[in-house]
Structures are given as structure tokens and as C-alpha cells.
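In terms of our numbering, the sequence shown opens at residue 2 and continues consecutively.
No lab work stands behind these hints: they were computed from the structure. One or more of the hints may lead you astray.
Said to hold, decoys possible - Quick list of in silico lysine-lysine cross-link-like pairs, DSSO-like style, CA-CA up to 30 Å:
1. K64 with K96
2. K52 with K171
3. K52 with K109
4. K171 with K161
5. K171 with K64
6. K126 with K161
7. K96 with K52
8. K126 with K64
9. K126 with K67
10. K168 with K126
11. K126 with K96
12. K161 with K109
13. K67 with K171
14. K52 with K126
15. K96 with K109
16. K126 with K171
17. K168 with K64
18. K67 with K96
19. K171 with K96
20. K52 with K67
21. K168 with K109
22. K161 with K96
23. K109 with K171
24. K168 with K67
25. K52 with K64
26. K52 with K168
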Amino acid sequence: MTKTYLHNIYYIVTAIAVTMFFSCKNNFEEVKKIGVSENAPIGIAEHIDLKYTDSGRVTANLKSPKMLDYSNRDFAFNEFPEGIDLDLFDEQNQKSNVIADYAIVYDKTGIIDLQGNVVLSSANKDTLFAEQLYYDQNREWLYTNNPVTFRTGQDVINGKGFDSDIKFTKAEVLEIDGIITLDE
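Turn these sequences into a full structure, and let the hints steer you where they fit.
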């Protein structure tokens, strides 16, 4: 009887252990997310004044009141809900400037979406005004299908859409509504 009783206990313990073993799973990623909402940023930075250097020379200076870091998402991005002011410096240390009320930078695609009172001023005084402008960092290309005003030299060109390289050497206003030539 004791032998049968011990065998039954052994079978019960074995059954419980096997059940527990197969019911367990690796929840480490889920445990890391406890307390972090998937809709909330993983980090918030305020009063940003970031300088980017290349070979000891400042090539960009990004200023923004606030940045939200969503790198915890599958499609990671950084959001600048209160706008940006970005100075870019070329090899001759000439400055171009980008201002927008809102910006979002997508890490995987390299696309920057600028929105609200976007103003891009080049070192040679060409200026683009738009409500929304995209910048492809990989191709170094600017584009939009929204209304724009582009001032180059004495000409002010209004249209719907814009395509250009970052230096405006291949700038093209699409669907031109009108060109105004200013007297100097």
C-alpha cells in the first residue's frame, strides 16, 4: 500500500511539474513593458540645443523646446511637437536655416516631415515657404505636393508642389500658379 501511495504521489508531482514546465513562456519583453504605455514616448527632452559635428566642424545645430522619443515602437520616430529651428552649415561655413511649427523624424525610412509655417532659407538667400515639406535624408531630397512659395533671386514663384535637392540647384516648383519678378 505504501508503495502504491508513493507511486501516486510521484505521478501527481510529475504531472504538475510537466504542466508547469509546458505552461511557462518567455515573458521578458512583456515584463520590460510593464508601466510603459505603448502610446507614450520612452523619453522626453526639453530645451534642446544639439550641435552635430563632422571632423571637428559644426555642420548642424538643432534647437527645439521639446522632443518626444518613440524609439520603443516597431516603427521608431522622434516627434518635435513645439517645432524646430535648424541651422545647417556647408563646407564654406555658410548657413542655411529650417524652421517649422512641428516635425517628425522616422528612423527606419530617413524621412523628416515638417509641418506648419515651414521656412527653408539657403545660404544664397533662396527661400521656400510651405505648410508641409518632406526631406528624404538618404537621397538628400526635398519635396511636397502642397502649395508653396519659392523666392529665388528676384522671382517669387507660387505653385502646388516642390521638388529639389538640398542646395536648391535642381529646384522645381510644380503646377505654377504665377511668377512675380521684384525690382531691386
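Each hint, compared with the structure:
1. K64 with K96: 15 Å, holds
2. K52 with K171: 28 Å, holds
3. K52 with K109: Measuring from Cα to Cα gives roughly 22 Å; hence the hint holds.
4. K171 with K161: Given pair K171, K161 holds - Cα atoms ~17 Å apart, limit 30 Å.
5. K171 with K64: With a Cα-Cα distance of about 28 Å, the restraint between K171 and K64 holds, given a limit of 30 Å.
6. K126 with K161: 21 Å, holds
7. K96 with K52: It holds: about 14 Å lies between the C-alpha atoms, which stays within 30 Å.
8. K126 with K64: 21 Å, holds
9. K126 with K67: Distance ~28 Å between K126 and K67 Cα, so the pair holds.
10. K168 with K126: Between K168 and K126 the Cα gap is close to 11 Å, so the pair holds against 30 Å.
11. K126 with K96: 10 Å, holds
12. K161 with K109: Cα-Cα ~28 Å, so holds.
13. K67 with K171: It is violated: about 33 Å lies between the C-alpha atoms, which goes past 30 Å.
14. K52 with K126: 23 Å, holds
15. K96 with K109: 28 Å, holds
16. K126 with K171: 15 Å, holds
17. K168 with K64: Satisfied, since the Cα-Cα distance of roughly 21 Å is no more than 30 Å.
18. K67 with K96: 23 Å, holds
19. K171 with K96: 19 Å, holds
20. K52 with K67: Holds - the C-alpha atoms of K67 and K52 are around 16 Å apart, at most 30 Å.
21. K168 with K109: Holds. K168 to K109 sits at ~24 Å (cutoff 30 Å).
22. K161 with K96: Holds, at about 27 Å.
23. K109 with K171: Holds. K109 to K171 sits at ~26 Å (cutoff 30 Å).
24. K168 with K67: 28 Å, holds
25. K52 with K64: 9 Å, holds
26. K52 with K168: 20 Å, holds
The structure fails to meet hint 13 from the earlier list, while all remaining hints are met.
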